[in-house]
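Engineer: Turn these sequences into a full structure, and let the hints guide you.
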Amino acid sequence: MPPHKIRAGINLDTIFGNPLVNVTGEPITPTKIAIFYLIRTLFQSHFGIGAVPSLKPFDKYEKTKAFSVLYSLILRDAEVSYEDFRIIARMLNDELDRSVYYHFTCSVERLANGEEQLEMLFEDSFYTAKRPTHENVLKRETKEMDMLTFMSSTSFMYVWIKRVMIQYTRTSQEGIFTLTRNFHEWINKEKISPIQHGINVKLPFDIDCSVRARQWIGEQLRLIQFCPSRAMPYSEIMNWCNIIRRRHRDVSEVNLMEAIVQIQLQDPPSAVDSLKEFFDLSMLHLTESANAALNTLKLIASNPGAMRYGPILQGRICRIFGDRISAHTLFTESIQQSQVNVDDMCNRIANIELTINEVFMAGPILMRVVCDPSKKDDNENSDNSKNEVRTLQDTIHAAADINMPTCRTLQKSVKEDYELHAYLVSLSKFMLCIEDLMDGKYFRFNSTADYVAVGLHRLRLMSDAQSKGRVVEDFAGAIMTSALIQSGMYNQARRASEELLVNNNETKSCPKFETENQVVAGVNFVYSLASIGDYDTAFDTLSSLKLVFPEDVNWLCSRHITICSNIINFEKDFLLNQYSACFDHVQALSSLAPLEFVLRKSLLLAVTGKLSEAVLLLKEYKCEDVRGMMRIHMQLATIGTAYGRYDASEYHLEEAGKIAINTHFQDANFLVTRRIGSMLLTRCMPEEAYQILASLIDRVESFGTYIEKAIYYVSMARCLRMQGEDPRDFLRKCKLQILNNRWPAMEKLILTELTILHHSRGMFPDENRMTWATEQFSKLEADFPGTCTWLFV
Amino acid sequence: MFDDDDKFDGALERSLSRLTLIKKAGARSSALPAAGQPYYADLSPFEVSQMSGVSISMVQREAIDSRQFISELEWLHQQTVDRCFLDAEMWAGEILAYLPNKWREDADSMDFSTPRHSYTSRFARTLIKNKDFRRAGHFLEKTMTENPSDRFLYYRTLFLAHFQEHLENDSEGIERKTSFTGKKSPFSDIYQKMQDEKLRENDDVWFEYLMGLVEVQLGLKKEAEKSFKSVIVKEPRLWPAWEGLTLLIQDIEDADSFATSLESLWMADWFMVLVLQRFQQHSMAIQKAEQLVARGLSGFPMIITKIASCSNARHDHDQAIANFEDVRKMDPFRLTDLHLLSDSLYIRNDHKKLSELAQDVYESHKFRWETCCIVANYHAMRRDSEHAIKFFQRALRLNPGFAALWVLIGHEFMEMKNHAAACVSYRRAIEIDPADHRGWYGLGQMYDIMKMPAYSLYYYQEAQKCKPHDSRLLVALGEVYAKLQEIEDAEKCFTGAYLFGDVEGNALWNLAKLHEKCTDHYKAAQVFEVFLAVYELVTSAEEKVMYAVGYLANHYFKYKNFEKAHDYATKCMAYESLCQEGNRLFREISKIHQREAETSAEGGTKRAATPGPSNQPEGAAEVVEGGEEEMSEGEDELTF
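Keeping their order, the protein sequence lines are chains A and B. FYI, the UniProt record's numbering numbers position 302 of the first sequence as 302, with every residue one higher than the one before it. FYI, the UniProt record's numbering numbers position 213 of the second sequence as 213, with every residue one higher than the one before it.
Some clues are possibly wrong.
[Unchecked claim] Listed next, with one range per pair, are the computed distances between beta-carbon atoms: (1) B:GLN78 / A:ILE166: 48 to 58 angstroms; (2) A:GLN266 / B:GLU356: 52 to 62 angstroms; (3) B:LYS517 / A:ALA301: 38 to 48 angstroms; (4) A:GLN266 / B:LYS560: 38 to 48 angstroms; (5) B:GLU431 / A:ILE166: 22 to 32 angstroms; (6) B:ASP520 / A:GLN266: 31 to 41 angstroms; (7) A:GLU654 / B:TYR522: 41 to 51 angstroms; (8) A:GLN587 / B:VAL538: 37 to 47 angstroms; (9) A:GLN266 / B:SER298: 39 to 49 angstroms; (10) B:GLU356 / A:ALA301: 45 to 55 angstroms; (11) A:ALA301 / B:ASP318: 41 to 51 angstroms; (12) B:GLU431 / A:ASP94: 53 to 63 angstroms.
[Stated by the list, open to error] Listed next, the stretches of chain A that the computed footprint assigns to chain B, with coverage defined by at least 3 CB atoms under 8 angstroms from CB atoms of chain B: (13) 267 to 280; (14) 299 to 305.
Rather than coming from a laboratory, the hints here were simulated on the basis of the structure. We treat Cβ as the ideally placed atom computed from N, Cα and C, and that holds for glycine.
Structural biologist: Here it is as structure tokens:
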């Protein structure tokens, strides 16, 4: 066979430092020296010494014994004293005989007496000697199906021996002196002193060699993302990262780790620094396949993947910290690179990221129809957005199509292949879920909580070792609960989020999740509780959520909690007419949730009489969210109604109605219509108002919050009264909604209505009832002062 | 005397054993007297020599005259010191250091003209010169109590010994990092010892300087800065302290106020030159250095080289080459900073001079890192990237702490289209010196070439942070912003680049093109006008000038500023390829003038009739505009 031709050229190995330096070694400690010598003794008994083959190699049973002892020694992360080690050797001797103990102690003590030099290698003859008997043994082994061989290149022990030998070879002369000195001490002393300097210095076990350091980093990375409270404290992680950076130059993942921690510490510039360093350094890496290394005689190979995945991660950081435009360009660049280099995997991921980013940028565009056919004036714009949405959908479809043949062949190793595949499957499930959202699949009038919960479950499919699939699945679930809340399907949302939270169990391979999905589900649970007026349970849930997601550990999640608690508190205090407290709550929202801030702030301003300020605030806010737009219009209309500006109110209601028609929000329609009714009522047009309001009763009862319901009922009652019909049924219903002094102002209103009813000139004159009502009113007035001006919120 | 006896005994023993051997041999050959005879009693040295076949004189002489012995060695020692024969100096010094006590007394009574040290301390000094620090320390420990300067030397040898061992350990440990926790730094021991002896308050100011050095090693930069400053205040002539301070000072103003607070001393100014260079203020550094020259320090290679290297850094390559050549004439074997000369020659693409330089230095100093760098540049100019990289690599071996070398290696890899290796090379440069803008810039450029502007933005930003007033970095940053459609930022960058002194002369051009691209014609025209004012006479920019003239002529015509349009059309005539365009514009302008004249004449007669004719010129102008647009498109193709 002709020799393989090697292209002459610059040897990257020599330029970027001898890669052997970076090859992973096992830090040598006295115990490990002893283990190595024990292995060598065993080898000599099994294979023979020098060219002389052993006459009595170990049989399967004996090997099992030897292995069990050796593995337990190797896997120990603590040092064993010489005394204990001798006991172990003696135990082995009892099992195997062949003077293992004698040979072992002899070799070790010769070393300790300085008769021999420390040498952690095998003699050449070990590799070269022909061992006829051993061959026989091998034959016998195959006959007996003895799969336990000492030297199988995939066995853990083989790898361990190799690593010890590599570490020994690359230890400097000074280092070997140190090792020897320590070994002497180990034999002669009871106490074990760890090696204090040189490359064999004793480090925390988890990071004392680069293999373990990588594993540790992988583990911590996963924990930080899935369950930050279980990860090590961030400062300690950073310290360990520093050690790794100094000691294991080949572990470039340490930069990635730092980037993630810095994101958690809310330090985006440093995070980008670390991330960039990670990707730049991983442009060159040690070849993974020995064949490639042998063919080129080079250990270093270039890794262009970094260039494709770098932008994705940087874009993610940008997205997390709100720089969505930069994120957008970065994702585009990644797509471009992956297309040039035909990396299908990267292309998909980048596309998905891009889609998610678009979704964030445009608010909930998750509807098939975004442009309103009636608005022809900004035709150009809507055409563009239509196209954009269509391309997005195409990418989603492409990404969800997992049966493309290229996908599976692109991966290098089987394990990675499987994981990526599982990840892709779950991503595509996620996409299906979004598709459902876009179709409004669950947002039917008749979809019950059970139907939704069961429907969500059809996503559950693949499980992988690191539960990445589960995260994506939960993600879909969390988004779905949000969408349900938005559609006013509080009951269903509660059921779905409860399901998500309850199913979050710790398994062997992964801890209990503490991701954003869980917190979103939790928060949605709280919202759904608040929507039926169950504030006590809501606040209980909130405080327990706060415990699980503390801000210093998990700021991304705790943000949601802050928003939620402020909104709920605002709602509660607002109904109690405690406006100053409300101002405090609103202030906290200003940076976290601008839309909510604007809506509530303007409401407060309007209540306190600053009408023009409130209107200005609302009108100046540029909202891209469809529902947000609708809410702004509705609120403007409400303010208009309250101040008697019916024309403005009418206009805004019409606008809101246009939006409401085109959305799948179940509650949108009745929210707008109810406001129209209220407006008519305040304009003293009870008949028209009644006509409009009466048709809503089903929807209000299924999709309204308790506040909406109360207002609706009281409006209906008033309509009926003004038309001279019996309103008491609705008043009763209304009273049911506002038990426990949730909304004293509304209660006063009901009492007022009652008083009017039972007044001597009223519909049902009843002296006793009227007195009772006025008494109640004065009691309430004493407890909760303030008039009931703001009823039609 | 005992010593001498011992020596004698030893010699006897040795000769005896030789005799036995001879005898045994003789017995075998039966040339010697038979056994049983006394071994050596009656054998004269002559006979022995006869037997061994070697003849030497073994006549006993009188005792050595100590005074003569000493004076001979003394003379040799002085001569070797004068003539810089280090090993002979060592040899003589060692013998003198081991003089017998009695002789030493003699020596003390003798009179020598040079300042007297004891022989031990003198030998110690020679040892220091020969870099045998531990041994020197051993000798100095004996004499340090007698002699204050030996005391200083003792600590200095300790420092140097640790320093050397530190370096040696570094090279021995295969892993690049060898300083691990757990072991106390030996420097801290010295520091503790010196503090215990209160040496900072010692009259000898050098002690404090030494403590400053130890503090640098221990990473106590603030304290070291304080020490050096106090040393300089006490003794402004102590240049090493100044030099140490240049690397520690935190900002230029601080350095300046410190330097001016001392009485006028040229060292303070030189110190400022170094500080300015360190903070990349090259123009100011050159100014300072030239001041020194004007004050009389002309013709010092040190200063001229510094000016040259600063010129190189501010891309004034002609100046740099001229200065370096002056130095080379004065001092042909001075290698300091010569790699910058090769850099300038490379940029000026001067094959002849660079190859001459490479040959010269390669002959005289083959294994200096500067040489390797020069030869690498020579190979790079010949587009022989592989050899260039090999030599850069060799230079790196010789001087591992020099970030620029990694940058150059990165450039060569880019040349070879090995992006991954280039990327890691640039990263190495940044690792060595995070303030080196070239590493960042190289990375940015690389990703830019890969068509990833958004990803490269970060690197350009970092580069610009390192050197905020460099026009090239600003232009690069601006280009990226322009690609990312962040027009405002791009505008800021280009303007800044022009204001900070546009080195490559494309800031204005880019700015104008940017405005043109955003169809902001008014601004574009303004910038083009400035561009013309600056670059009209620069030959290398002729194409751009032509484009600018054509653009401006059309622009003013379009916006009906016929006077200016006329001016620029005249300018068009100066360029062959623009002649036609100029002529066309002339024709159009004259047509319009003519029509205007006609309408005004008609308007005079039929002013009251219809407004129609008065509208006509506008319509005509529109027609003309259309033609102009077509033409300008053609013109675009013509020039670019």
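Engineer: Now, for every hint given, state plainly whether the structure supports it.
Structural biologist: Hint by hint, here is what the structure shows:
1. B:GLN78 / A:ILE166: 48 to 58 angstroms: holds, 56 angstroms
2. A:GLN266 / B:GLU356: 52 to 62 angstroms: Between GLN266 (chain A) and GLU356 (chain B), where Cβ atoms are some 58 angstroms apart, the hint holds.
3. B:LYS517 / A:ALA301: 38 to 48 angstroms: Once the Cβ atoms are compared, 41 angstroms apart, the range 38 to 48 angstroms for ALA301 (chain A) and LYS517 (chain B) holds.
4. A:GLN266 / B:LYS560: 38 to 48 angstroms: Given range 38 to 48 angstroms: violated, Cβ gap about 57 angstroms.
5. B:GLU431 / A:ILE166: 22 to 32 angstroms: holds, 25 angstroms
6. B:ASP520 / A:GLN266: 31 to 41 angstroms: holds, 39 angstroms
7. A:GLU654 / B:TYR522: 41 to 51 angstroms: holds, 43 angstroms
8. A:GLN587 / B:VAL538: 37 to 47 angstroms: violated, 60 angstroms
9. A:GLN266 / B:SER298: 39 to 49 angstroms: violated, 58 angstroms
10. B:GLU356 / A:ALA301: 45 to 55 angstroms: violated, 40 angstroms
11. A:ALA301 / B:ASP318: 41 to 51 angstroms: Roughly 44 angstroms apart at Cβ, these two residues keep to the hinted range, so it holds.
12. B:GLU431 / A:ASP94: 53 to 63 angstroms: With Cβ atoms ~55 angstroms apart, the hint holds.
13. 267 to 280: holds (count 4)
14. 299 to 305: holds (count 3)
In the structure shown, a violation is registered for the earlier hints numbered 4, 8, 9, 10, in ascending order.
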